[in-house]
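Asks: Residue strings, one per chain:
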Amino acid sequence: MRLDPKDLDLWIKGGHSFTAIDLRQKEQRDEMPIIGIDHIVADERNLPISDKDVVLICQYGLVTEGLIIEKGLSDAYSLSGGVESWNTFLLDKIDMSHWSRQIILEEIGVEGQRKLMNSRVGIVGMGGLGCPAAQALIGAGVMKLVIMDGDIVEQSNIHRQVLYGIDDIGSSKVDVAKQKLKKIYGAASIEIIDSYLEADNGASFFRNLDIVIDATDNNASRELIDHFSKEYNVPMIYGGLYRYEGQVSVLNVNGSCGYTDLFPDHGNSKNCSEAGVLGMLPGIIGNIQALEAVKIILGIRPNLIGKLMIYDGMNHKTETIEL
Amino acid sequence: MIKVKLKCFSQVKYALGTGEVILEIEIGATTTELEEMVRDRADGRLDGVGLSVAINQQYVKGDVVLHDGDEVVLIPPVQGG
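For the protein sequence lines, the chains are B and H, in the order given. Sequential numbering from 18 applies to the first sequence in our numbering. Sequential numbering from 114 applies to the second sequence in our numbering.
Honestly, I wouldn't trust all of these hints.
Unchecked claim - Some chain H residues judged to face chain B by a derived CB distance under 8 angstroms, without partners named: (1) K120; (2) Q124; (3) G163; (4) S165; (5) A167; (6) Q170; (7) Q171; (8) Y172; (9) P190; (10) V191; (11) Q192; (12) G193; (13) G194.
Rather than coming from a laboratory, the hints here were simulated on the basis of the structure. Every residue, glycine too, gets a C-beta built ideally from N, C-alpha and C.
In isolation and in its complexed conformation, chain H is listed as follows (with noise of 0.2 angstroms):
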C-alpha cells in the first residue's frame, strides 16, 4: 500500500466534511481509482460534479499512476460570480 494526501476543495471539502486526509491505496493504483474511492466516501455528494485533476499541483489529464506521497487535488469547477 501507499499513502497519498487529498486536499480538498469546494465541493470536494463539504462532502468529505475535511480540507485533506491522507488516504491509503493500492501500489499501482490510478487517478481513477482514487477518484472513484473519493466519490465512495462522499457518499452522494459528488454525483454528477465533474472533476479535474492535479498531482503535486500539476494538473493532468487521463488515468495516471499515483506513488508514495504525492498530493492530489481533485478540482470541481465552480459556478459562482
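Excised from the complex, chain B in its bound form (with noise of 0.2 angstroms):
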C-alpha cells in the first residue's frame, strides 16, 4: 500500500501509532535526514517486526514499493516518493512565521532562512559550548543537527552545560541534548552519535556536513576535527574558554587558516576542570560559534573567516587579530 506524505502527516496529528523504518544506506540518509518522522533505520533484508501500522521509507518511494509487492508485506505501507517528497512537503507546510522576527531582517529573508532549514550542522562536543549552540542553532530553523559526545552527564557539568538538569545524571549527553533539542522544534532532525570523534569515525561524520561546531575541550579532538574539516572542506567553527575569556574563530574556508596553523604549538593548556570557568562564558562563546555558522551558511559579512577574536568576559573587552 502507498501513504502519501499528507495522509503520513494526518496520522501524525492525529496521534496514529506506526513504526517508520528507514531502509536507506547511510550515504543517504547523511546526505538527506528524515525530518519530523521518529524512525528507525533498518535493513531490508532483516525488517523488525512491529504489531504497529508499519511505513517503510526509502529516498523516492521506489525501493520501497517493490519490496512490498516482492515480499508481499501485504500490511506494510510504502512512503509514496520517499523522503525526496516527504521533506518537500513537510518545509512546503512549515509555517515560517516562526522565524518572522529573524527572516524580517533583509541579510536572512525567507530565501536565507529556507537555506538555514536546508543546512547540515554538525557539532563535536555537547558540553558547555554545544549546549548553547546546538539550542541556537536549532531556534534559528536549522533542521538538520549532528551531535556527537560520548561523555554522561555528571552533576559538575550543570552549571555551565544548559541543556542538562539533575534528573539527567548519569544519562547520555546527546539523549537528552536531542529530547531537549526536540522539545525546542520538534520537526527537526536530530542525529546522535554517542561516540567521541576518532581516527576511524570522523570521515563518517564529515561527510555531508556544511559546517561544523568545535565544540570539544582538548587539542587532541581540535586537531582532528581541524584535519577532517581541511579534508572534507567543511568550514570549523573553532571555540574554546579559559576562566572568564573565550576564543572564536571561523577555520578552513576554502584554504584559510586552520587550528594548527593557528597553534602550531598548544603545550600543555588547561581545560575547564584544570582552570576553572564561570557558567555564562559558554553561553556567551557558544553562542557567538552558532551566530558565526549562520552567517558563514548565508554569506553574511563580516564575518570571523580569517581571524580570532578573544572575548574578555571580566571587562567586556574584545581584541580580533587577522590571521
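Starting from two chains that each stand alone, build the complex the way the hints lay out.
Replies: Next comes the structure, spelled out in C-alpha cells:
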C-alpha cells in the first residue's frame, strides 16, 4: 500500500501509532535525513517486527514499493515519493512565521531562512559550548543537526551545560540533548552519535556536513576536527574557554587558516576542570559560534573567517586578530 | 630602547597578573626575545604553554623584529569547552 506524505502528516497529527523504518544506505541518510518523523533504521533483509502499522521509507518511494510486492508485505505502507517528497512536503507547509523576527532582517529573508533549514550542521562535543550552540541553531531553524559526544551528564556539568538538569545525571549527553532540542522544534532532525571523535569515525561524521562546530575541551580533538575539516572542506567554527575568557574563529574556509596553523604548538594548556570557568562564558561563546555558523551558511559579512576573536568577560573587551 | 605594549589574555594574563603592560626592549629585539622575557617574568607559570604571536592585531609567524609602539599579543590556545 502507498501512503502519501499528506496522509502520513494526518496520522502524525492524529496521534496514530506507527513504526517508520528508513531502509536507505548511510550515505543517503547522511545526505538527506528524514525530518519530522521518529524512525528507526533497518536493512531490507532484516525488517524489524512491529505490532503497529509499518511505514517503509526509501529515497524516492520506489524501492519500498517494490519490496512490498516482492516480499508480500500486504500490511506495510510505502511512503509515496520517499524522503524527497516527505521533506519537501514538510518544508513547504512549515509555518514560516515561526522565524518572522529574523526573516524580516534583510540579510536573512525567506530565502535565507530556507537555506538555514536545508543546512546540515555538526557539533563535536555537547558540553558547555555545544549545548548553547545547538539550542541557538535549532532555534534559528537549522533542521539537520548531527551531535557527537560519548560522555554522560555529571553534576559538575550542570552549572554551564544548559540542556541538562539534575535528573539527567548519568544519562548520555547526546540522548538528553536530543530530547531537549526536540522540545524547541520537534520537526528538526537531530542525529546523535554517542561516542567521541576518533580517527576512524571522523570520515562518516564529516561527510555531507555544511559546517562543524568545535565544542570540544581538548587540543587532540581540535586537531582531529581540523584534519577532517580540511579533508572534507567543511568550515570549522572554533571555540575555546579559559576562566572568564573565550576565543572564537572560523577556520578552514577554502584554504583559510586552520587550527594547527594558528596553534602549531599548543603545549599543555588547561581545560575547564583544571582552569575553571564561569557558567555564563560557554553560553556567550557557544552562541557566538552559532551566530558565525549562521553567517557562514548565509554568506553574511563581516564574519570571523581569517580572524581570531578573544572575548574577555571580566571587562567586556574583545581583541580581534587577523590571521 | 623601545617600548611595546603587551596585551595579556588567559594564561598570560594570570601568569603576569595584568591585562596590559608596557615593556622596554632593545632596538631590534624580536618576538622570540619578547616571549623569553615574558616567560622569565611569569616565573614558571607559562612553562609548557605554547604561544602564538600577533603584532598590531595581525598574526605573525617566525621571529619578527618589533618596533616602538607595537601592540603585541601572545596568544595561548585555550582548551575549555
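Asks: If a hint holds in the structure, say so; if it doesn't, say that too.
Replies: Structure-based check of all given hints:
Nearest Cβ of chain B to the Cβ of H:K120: about 6 angstroms, under the 8 angstroms cut. The hint holds. Proximity of H:Q124 to chain B holds as hinted, the smallest CB-CB distance being about 7 angstroms (cut-off 8 angstroms). The closest approach between the C-beta of H:G163 and any C-beta of chain B is roughly 3 angstroms, which is under the 8 angstroms cut-off, so the hint is satisfied. Contact between H:S165 and chain B, as hinted, is supported at the beta carbon level, the nearest pair being about 6 angstroms apart and thus within 8 angstroms.
Hint status for H:A167 relative to chain B: holds, with the closest Cβ pair at about 4 angstroms, below 8 angstroms. For H:Q170, the suggested interface contact is upheld, since its CB lies about 5 angstroms from the closest CB of chain B, less than 8 angstroms. At a threshold of 8 angstroms, the smallest CB-CB gap from H:Q171 to chain B is about 5 angstroms, leaving the interface hint in force. This hint holds: H:Y172 has a C-beta 5 angstroms from the nearest C-beta of chain B, less than the 8 angstroms allowed.
Look at H:P190: its Cβ gets to within about 4 angstroms of chain B, closer than 8 angstroms, so that hint holds up. The interface hint given for H:V191 is met, as the beta carbon of that residue sits about 4 angstroms from the closest beta carbon of chain B, less than 8 angstroms. Annotation: H:Q192 was flagged as interfacial toward chain B, and the flag holds, the nearest CB pair being 4 angstroms apart, inside 8 angstroms. Interface restraint check: H:G193 against chain B, minimum CB-CB distance 3 angstroms, threshold 8 angstroms, status holds.
Below 8 angstroms, beta-carbon pairs count as interface contacts, and H:G194 has one with chain B at about 4 angstroms; its hint therefore holds.
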